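J.: The residues making up each chain are set out below.
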Amino acid sequence: MLAYTVRRILVSIPVLIASTFIVFLVVVNAGDPVANFATSRQPPPSKAAVAAFARHIHANEPAVQRYWNWITGVLHGDWGPSVQPNLDIGHDLFTRFRVTVTLVASAMIIALVLAVIFGVFSALRQYSAADYTITFFGFLFLAMPVFWFAVLLKQAGIWFNEQTGSQFLGTIGEKSPYLPVDTTWNEFTDRIGHLVLPTITLALVSFASWTRYTRASMLEVMGSDYVRLARAKGLRRGTVMVRHALRTALIPLATVTALDVAIILGGAVITETIFQWHGMGEMLVQSASTVDVYRTMAWLLLSAVVVIGFNLVADLLYAVLDPRIRYD
Amino acid sequence: MTDIEAPGSAGTQLPPSDHEFTVRQRSQTRLVLRRFLRHRAAMVSLVVFVLILLWAFIGPHLWHYSYRKYTPDNSQPPSWKHPFGTDSSGYDAYAQVMRGTQTSLKIAILIALGSTFVGAVWGAVAGFYRGFVDAVMMRVADLVLTLPLFAIALVISSRSGGSWYWIAAVIAGLTWAYVSRVVRSTVLSLREKEFVEAAKALGASDARIIFRHLLPNSLGPIIVNATVLVATGILTETALSFVGFGVQPPDTSLGLLVSQAQTAVDTRPWLFYIPGAFIIAIALTINFIGDGLRDAFDPRQQRVRQ
Chain A
1 MLAYTVRRIL
11 VSIPVLIAST
21 FIVFLVVVNA
31 GDPVANFATS
41 RQPPPSKAAV
51 AAFARHIHAN
61 EPAVQRYWNW
71 ITGVLHGDWG
81 PSVQPNLDIG
91 HDLFTRFRVT
101 VTLVASAMII
111 ALVLAVIFGV
121 FSALRQYSAA
131 DYTITFFGFL
141 FLAMPVFWFA
151 VLLKQAGIWF
161 NEQTGSQFLG
171 TIGEKSPYLP
181 VDTTWNEFTD
191 RIGHLVLPTI
201 TLALVSFASW
211 TRYTRASMLE
221 VMGSDYVRLA
231 RAKGLRRGTV
241 MVRHALRTAL
251 IPLATVTALD
261 VAIILGGAVI
271 TETIFQWHGM
281 GEMLVQSAST
291 VDVYRTMAWL
301 LLSAVVVIGF
311 NLVADLLYAV
321 LDPRIRYD
Chain B
1 MTDIEAPGSA
11 GTQLPPSDHE
21 FTVRQRSQTR
31 LVLRRFLRHR
41 AAMVSLVVFV
51 LILLWAFIGP
61 HLWHYSYRKY
71 TPDNSQPPSW
81 KHPFGTDSSG
91 YDAYAQVMRG
101 TQTSLKIAIL
111 IALGSTFVGA
121 VWGAVAGFYR
131 GFVDAVMMRV
141 ADLVLTLPLF
151 AIALVISSRS
161 GGSWYWIAAV
171 IAGLTWAYVS
181 RVVRSTVLSL
191 REKEFVEAAK
201 ALGASDARII
211 FRHLLPNSLG
221 PIIVNATVLV
231 ATGILTETAL
241 SFVGFGVQPP
251 DTSLGLLVSQ
261 AQTAVDTRPW
271 LFYIPGAFII
281 AIALTINFIG
291 DGLRDAFDPR
301 QQRVRQ
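Residue numbers (the numbering used here), protein chains in the order written: chain A, 1 to 328; chain B, 1 to 306.
These aren't lab readings, by the way, just hints derived from the structure by calculation.
Mixed in with the good hints, there may be bad ones.
Where chain A lies over chain B, by a calculated footprint (3+ residues, C-beta under 8 Å) [to be verified]:
1. 198 to 207
2. 236 to 243
3. 257 to 268
Computed, partial: chain A to chain B, Cβ under 7 Å [what the hints assert, rightly or not]:
4. I17
5. S19
6. W148
7. A288
Chain A residues, not near chain B, derived (Cβ > 12 Å throughout) [what the hints assert, rightly or not]:
8. V6
9. A30
10. P44
11. G90
12. M144
13. L169
14. T248
15. D322
Just so you know, these numbers come straight off a predicted model, no measurement behind them.
Each residue gets a CB set at the ideal place from its N, CA and C atoms; glycine is no exception.
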């Protein structure tokens with residue numbers, strides 16, 4: 001298992017390098033930060049200032065050399081120059097990462113738990129009214145644009161606060177800018193209150209698709225011989241379903257979850273924009289609109305590492321879930 | 001040459017088979033079509049989707065307001081004159097939603113067509129040649145699959161200036177790899193079939209085998225994937241436009257309309273709910289159509305085991 005893990009990590013390094021190299025070429029060619037600098041300021045900067053700016057962000061060097069300098073720099077903790085003066089990209093990235101991680105992690109956990117519960121229930125009661133209802137809402141949530149639902153939830157949150165006269169549900173930012181009574185408990189509930197609506201938003205779409213997967217794989221496993229054998233041996237249905245069937249049925253879910261991480265990160269960008277969080281979503285939107293090559297790359301590198309990490313965890317989970325799978 | 005007579009000529013008249021077998025022969029296409037026509041949710045969805053399509057593309061020519069002409073009425077709720085109301089600067093929302101639906105559908109369909117074409121050819125070539133070609137082509141596809149769709153699309157299309165075909169090209173450029181994987185796996189099994197061998201023996205060129213034999217026979221998974229891509233396409237484009245990196249004013253898309261209405265959910269709710277409902281309707285019908293097609297092409301997936 002350990003040897004396998006190490007091997008997998010080593011194999012993913014070239015993938016990471018190739019992927020970031022392609023992305024780097026795309027991002028470098030997607031815009032011209034120097035032209036942006038020269039035209040977007042009032043009064044227009046002098047020729048010397050423009051040239052200094054181009055030198056500062058390495059705009060005149062060949063892309064391959066820039067990539068090499070960037071990736072070796074990152075290994076030493078230097079994330080490259082931003083187009084914004086005095087912005088430390090590394091510091092910016094990890095501050096925002098902490099904010100986004102809370103959102104993404106809570107959304108994923110809630111979506112997974114609910115998807116397993118509803119998916120299994122749906123499969124056990126196939127073609128019942130409950131199954132049809134769950135399936136219908138699954139389809140509906142899959143077709144629902146995240147941003148539309150987020151705006152709707154935000155309005156509902158404001159309405160809820162007005163009705164109850166409380167300030168519990170936060171709709172702007174990841175925390176209140178100022179707390180009247182500044183205790184740890186208050187800060188905690190404040191964070192939770194701000195987390196509720198964005199988490200529901202982000203969890204919804206994944207919940208819908210993961211419920212469909214759980215249901216399908218549960219139905220598949222329930223028809224298999226070893227489940228019938230376990231029942232024939234006289235084990236109780238509940239025991240067989242949870243200990244024998246569900247375990248195997250979770251394998252495709254692990255794969256899909258890992259594959260969906262990139263989609264969830266994309267959804268987090270939208271969610272954070274609407275709820276005005278100062279997380280990685282805001283960072284991506286800002287760096288795209290200011291044509292900030294190195295800041296964009298920092299975002300994409302971190303998301304690539306997260307995605308690869310999740311795929312690794314999914315691979316290792318297979319062995320835990322299915323005793324027939326052995327890595328050595 | 002003298003003894004053998006062609007079957008069916010005067011000497012050995014065979015009885016016409018219709019007398020014995022009364023069941024009409026069904027071609028593969030007819031079977032698929034039949035199964036699809038019997039899929040109720042898919043058929044209803046298809047009708048609704050076609051209606052939306054016609055409305056979005058023909059409607060603007062018949063409607064007396066343009067999506068970019070001010071009307072004298074500001075912030076009107078829905079009425080006979082303005083079925084979807086007007087916004088605060090006096091634009092007729094009916095004309096705008098019609099235009100937005102048109103733009104969003106145009107982009108989504110172009111995404112589906114573009115990425116399906118590229119992905120199908122890519123996957124078929126890789127699956128047909130196997131070996132080194134396959135390894136290289138599939139590593140490239142895998143690499144594209146690792147790119148986060150929304151983030152990359154956002155970064156690239158921020159420079160697009162909002163032209164709809166550029167947005168479609170960017171998204172299609174990131175989604176084709178998935179199609180190529182599906183098509184490759186189908187082609188890998190198809191290429192071992194006898195009809196491919198027969199075509200080869202008859203001297204068919206590789207291109208002919210790929211385009212006339214392999215691709216038409218993997219049409220099932222290709223079509224199912226293409227429908228799913230329309231839904232992915234419309235959700236991605238509207239999200240991009242919502243964040244401000246997709247379609248730009250004065251043109252409009254369903255995502256942009258929702259974005260412009262997000263501060264007016266309470267005061268002018270019609271501006272917010274109607275475009276949102278159209279996105280849901282399109283994505284929902286497409287998903288149902290895709291589901292119906294999947295069942296029609298591959299009835300094995302409908303398991304009735306208890």
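J.: Hints first: check each against the structure and report whether it holds.
T.: Consistency of the hints with the structure:
1. Counting residues of the region 198 to 207 of chain B whose CB lies closer than 8 Å to any CB of chain A gives 0, so the stated coverage by that chain is violated, three being the minimum.
2. With 4 residues having a beta carbon nearer than 8 Å to a beta carbon of chain A, the region 236 to 243 of chain B meets the requirement of three or more and the stated coverage holds.
3. Under the rule that three or more residues need a Cβ within less than 8 Å of chain A, the assignment of the region 257 to 268 of chain B holds, with 5 such residues.
4. The interface hint given for I17 (chain A) is broken, as the beta carbon of that residue sits about 11 Å from the closest beta carbon of chain B, more than 7 Å.
5. Hint on S19 (chain A) holds. Least Cβ distance to chain B is approximately 5 Å, under the 7 Å limit.
6. Here the hint on W148 (chain A) is kept, as its CB sits about 4 Å from the closest CB of chain B, short of 7 Å.
7. The restraint placing A288 (chain A) at the interface with chain B holds, with a minimum CB-CB distance near 4 Å, inside the 7 Å limit.
8. Listed as outside the interface, V6 (chain A) is consistent with that label: its C-beta sits roughly 21 Å from the nearest C-beta of chain B, beyond the 12 Å cut-off.
9. With a closest Cβ-Cβ approach of about 5 Å to chain B, A30 (chain A) is found to fall inside the 12 Å limit, against its non-interface label.
10. The Cβ of P44 (chain A) sits about 21 Å from the closest Cβ of chain B, beyond the 12 Å cut-off, so the non-interface label holds.
11. For G90 (chain A), the requirement that its beta carbon stay farther than 12 Å from each beta carbon of chain B is met, with the minimum near 19 Å.
12. Some Cβ of chain B comes within 12 Å of the Cβ of M144 (chain A); the nearest lies about 6 Å off, and the non-interface call is violated.
13. Look at L169 (chain A): its CB is around 16 Å from the nearest CB on chain B, clear of 12 Å, so calling it non-interface holds up.
14. Annotated as non-interface, T248 (chain A) keeps its C-beta farther than 12 Å from every C-beta of chain B; the closest such distance is 16 Å.
15. Interface exclusion of D322 (chain A) from chain B stands, the closest Cβ pair being 21 Å apart, more than 12 Å.
In terms of the numbered hints stated before, the structure departs from hints 1, 4, 9, 12, listed from lowest to highest.
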